[in-house]
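Okay, here's what each chain looks like letter by letter:
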Amino acid sequence: MLELKNISVGYRGREVVCDVSLTFRPGEITTIIGKNGTGKSTLLKSACSLLSPLSGSVVLDGKGQQEYTRRQWAKKVAFLSQDHLDSNCTVHSLVSHGRYPHLGFSKKRDEQDHLLVERALETMGLNALRHKSLLRISGGERQKAYLAMALAQDTPYIALDEPATYLDLAVQREILHLLKTLKHQGKCIIAVMHDLGSALEVSDHICLLDGGKVATYATPAELLRSEAIERVFNVECTEVSGRRGPRYLFS
Amino acid sequence: MPILQSSSPDKKKEAMLLGLLILCLCSLFALSLSIGSTRIGLKGLLLILQGKDRLSAAYRIVRHIRLPRTLAALFCGMALALSGHLLQKVLHNPLAGPSIIGVNSGAGLFALLASAFFPHLIPLGTLFAFVGALGSSILVYALARRSGSTRLTIILAGVAVSSLLGSFTDTLLTLRPDTQMGRLDFLIGSFAHVPFSQVSQTSPYIIGGVLLSFLLGKDLNILALGDEVALSLGLEVGRTRFLALMLASLLSASVVSMCGLIGFVGLVVPHMMRSLVGEESALSLPLTALAGAIITLGCDLVARTVFSPYELPVGIVLSFLGSPFFLFLLFKRKRSDCHA
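Residue numbers (the numbering used here), protein chains in the order written: chain A, 20 to 270; chain B, -11 to 328.
Okay, chain B solo, but in the shape it has when bound:
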């Protein structure tokens, strides 16, 4: 049994990390429900979550304002982190992420188009966003592949496609300022005005996407070895890559249709997890999802509280923390490339 012995310390560490993250998420969840202009104690919170005490103001605050917001943050964090993880693995590129390679902007444009021209189809907004996200991710991938798929071309193609789609979005917002989604929240991303109905509409897509991507984990590790090696090991490379792009698009499209264009979670969180548990941990996908939820929920809490009673859109807080991290990554990469 030398194998089990030699790999067990790592497993133990990962299990501990998993426990720690779950604990962290639970406490943030409770905090997020209790903190605000009306503070609600733990006892009161438990009563409310059990469905008792329905007539109090506290119940209504939690049920209609804080719970949807908290759940939205949680789901979005998970979805974006996983989406980023999938994209980075599939495109063999550590700088890929839903907001960098055009997936988010594709989803955003299509969601906006839907709400501008087919307002009666708003409940199908997630599907529209999904089409946009999938379309732009495939476009970026095809462009990069045609021009010789180096790591740089895919980022450049993504930036170009992103800004093109972004200009369409801006044009639309200028010409039709009264679209339902035409608000600042959409462009920066915020959980403040997400109604419960929206959360319950979109969360099945996210939960489904999350579970399916867990199934893909092992295949993605094979794909990360490069197309040629993966093919020779019997992986259906094309199919796996398409599936992963589709899942990544579904996840980020769900987020966009729920709370707008939120950046950087998808880029930053997979990196943090990789540096903690390595490239191929069996738990890396669940850990990434959890960490995404924690960071998004944490940033939302910050966004709500630092300037209270005013609040910042969470996208600002995330970008504030995420942009320096991205720069750090770029420079670190450059240095290690020089050494290689």
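Bound conformation, chain A alone:
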């Protein structure tokens, strides 16, 4: 269980997220939604201990964040960043880096490491691209490669910062499907999402941020009923029935 207790986060003293308490449980997908600039990514990063909160605490499996070393933390929590440096390494070596927190002093990879890397490449369908440089593949493929790296990290908690934004529909669906599979494996998934439809479709809980505060924390059904989306985004939400359950239109 990953708990945020009354955390406030900010840059250079300016608070972006104030006094947020949230709990993320194994086997659930929690998405964070909200308008641009409301501190979604900031909140996610502090949950992953990439940013330290100005006040409040982050507790992972009963132990405070300070009690973990970086490496111990990275064995439990993987983070898919939104922006990457344009590194010139191959897809295979990028995914192998996912094993970094598990390596010993000699940094040698054992059979288990190789197996997990192979499985991650397989899952993301990257086998054919394994020797390609990251600079020579498309944006969608690159995103999949970084996602594969997070999978190879083999952590019970996976945080994703806008995993499907800017990707074509096919890749988007693929990633959403993957999130559900991971959830069924018992992993705790935390994602920042822009696409409300996707968020409503896959999430167990949705946290709607507004002005750095939690406006609503609820299941998708409750959220729709509360009309908080309409209020915050200033849109109208219509439910339509799709072939695999309800889908939502915003206008």
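Quick caveat, the hints were computed from the structure, so don't treat them as lab data.
Think of the CB as a built atom: it goes at the ideal place given N, C-alpha and C, for glycine as much as any other residue.
It is possible that some hints are incorrect.
Pair by pair, the computed Cβ-Cβ distance ranges are [stated by the list, open to error]:
| id | chain 1 | residue 1 | chain 2 | residue 2 | range |
| --- | --- | --- | --- | --- | --- |
| 1 | B | Ser151 | A | Ala189 | 50 to 56 Å |
| 2 | B | Tyr298 | A | Tyr30 | 57 to 63 Å |
| 3 | B | Leu317 | A | Gly158 | 25 to 31 Å |
| 4 | B | Leu317 | A | Arg263 | 31 to 37 Å |
| 5 | B | Phe105 | A | Lys151 | 53 to 59 Å |
Straight-line Cα separation of at most 30 Å, BS3-like style, residue types lysine-lysine; simulated pairs [to be verified]:
| id | chain 1 | residue 1 | chain 2 | residue 2 |
| --- | --- | --- | --- | --- |
| 6 | B | Lys(-1) | A | Lys126 |
| 7 | A | Lys127 | B | Lys0 |
| 8 | B | Lys31 | A | Lys126 |
| 9 | A | Lys24 | A | Lys151 |
| 10 | B | Lys(-1) | A | Lys151 |
Here are some, though not all, of the chain A residues that point toward chain B, as calculated from beta-carbon distances under 7 Å [said to hold, decoys possible]:
| id | residue |
| --- | --- |
| 11 | Leu69 |
| 12 | Leu73 |
| 13 | Gly75 |
| 14 | Tyr87 |
| 15 | Arg89 |
| 16 | Ala93 |
| 17 | Phe98 |
| 18 | Ser106 |
| 19 | Asn107 |
| 20 | Phe124 |
| 21 | Ser125 |
| 22 | Lys126 |
| 23 | Arg128 |
| 24 | Gln131 |
| 25 | His196 |
Dock chain B against chain A, hints included.
Below, chain B without anything else, positioned relative to chain A:
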């Protein structure tokens, strides 16, 4: 075993390259000892290196002139190439290098200050240079970070700090022309007058720095992915970056205190190796060190022989070859940025 099979051609290529470079370095080493106004054959050279034939003039030439010079060139090449490699990785910037971002000029200024005001501390010159190098690299990094750390700002900050420190150095050389290091060799860089004692004093720092940076190799590959990704993979980003800056400073400071301000090896060699073996080869650091040694030794040989009996300071030869390469890099980068 699909993994081993698929990566083995690369490994083989790298191992071959390593062998080739070692062979190349050995032959240059021998050449550098044998060529000069007195030519010494291979046979004679072997005798001398074994410590026999101590009374001949050839022995004295090799022992006191050519060997220190050759070793100095070898160590400096290694140190500068690795220093450049570390800086480029740590600062996420392919245009970084000890002479471009102010590390060398910091080391130079402090080495000069030491020899001007504390001449009795000359044996500690490397330490002074180290303080200067570390100080200026941290200054440049902090400046660039404050103003939003784009790739361009760090180079601009480096150039600015470099020229500021350079002006102090020039002032000092003007006011105190009689300092021990106040000679042309220092500003351009040369291996011609490096005594054996200096080589044996400085080489432990270089060897230590080289070995330690080999240990950092894997961490640097993680750091190259960007701070956020590296942190999420469990790397202590701040500590690793500081360690790497410190090693880079130690390496280039050792070079500066031994043979002055030598430019461009640190910029050019890491690039050559990257284009040969890629960004993340397990052997990239040893290969870079070897290539640095080869190029410096080769340039020194050229510097000694083209206008013989006159000789050029090796820094001139290196800049002559390095500056066009730097320009080439700039233009190539610009083009690929436009495409991106």
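Gln131 (chain A) as chain B interface residue, shortest Cβ-Cβ below 7 Å: violated, 13 Å
Status of the Ala93 (chain A) interface restraint (C-beta, 7 Å, chain B): With a minimum Cβ separation of about 3 Å from chain B (threshold 7 Å), the hint on Ala93 (chain A) holds.
Agreement of hint Arg128 (chain A) with chain B interface, Cβ distance less than 7 Å: Hint violated; Arg128 (chain A) Cβ to chain B Cβ min 9 Å, cut 7 Å.
When the least beta-carbon distance from Tyr87 (chain A) to chain B is tested against 7 Å, hint result: Since the shortest Cβ distance to chain B is 10 Å, the answer is violated.
Chain B contact restraint on Arg89 (chain A) - CB to CB distance below 7 Å: holds, 5 Å
Given hint Leu73 (chain A) near chain B, where the shortest CB pair must fall under 7 Å: violated, 18 Å
Cut-off 7 Å, beta-carbon criterion: hint that Lys126 (chain A) touches chain B: Holds - the Cβ of Lys126 (chain A) comes within 7 Å of chain B, reaching about 4 Å at its closest.
Range agreement (Cβ of Ala189 (chain A) with Cβ of Ser151 (chain B), hint 50 to 56 Å): holds, 53 Å
Interface hint status, His196 (chain A) versus chain B (Cβ within 7 Å): Violated - the Cβ of His196 (chain A) stays beyond 7 Å from chain B, reaching only about 23 Å at its closest.
Closest C-beta approach of Phe98 (chain A) to chain B relative to 7 Å, hint status: holds, 4 Å
Consistency of beta-carbon spacing, Lys151 (chain A) to Phe105 (chain B), with hint 53 to 59 Å: Holds, since Phe105 (chain B) and Lys151 (chain A) (Cβ atoms, about 57 Å apart) stay within the stated range.
Pair hint Lys(-1) (chain B) and Lys126 (chain A), alpha-carbon separation not exceeding 30 Å: holds, 17 Å
In summary, the structure is inconsistent with hints 4, 8, 9, 12, 13, 14, 20, 21, 23, 24, 25 from the numbered list given earlier, while agreeing with the others.
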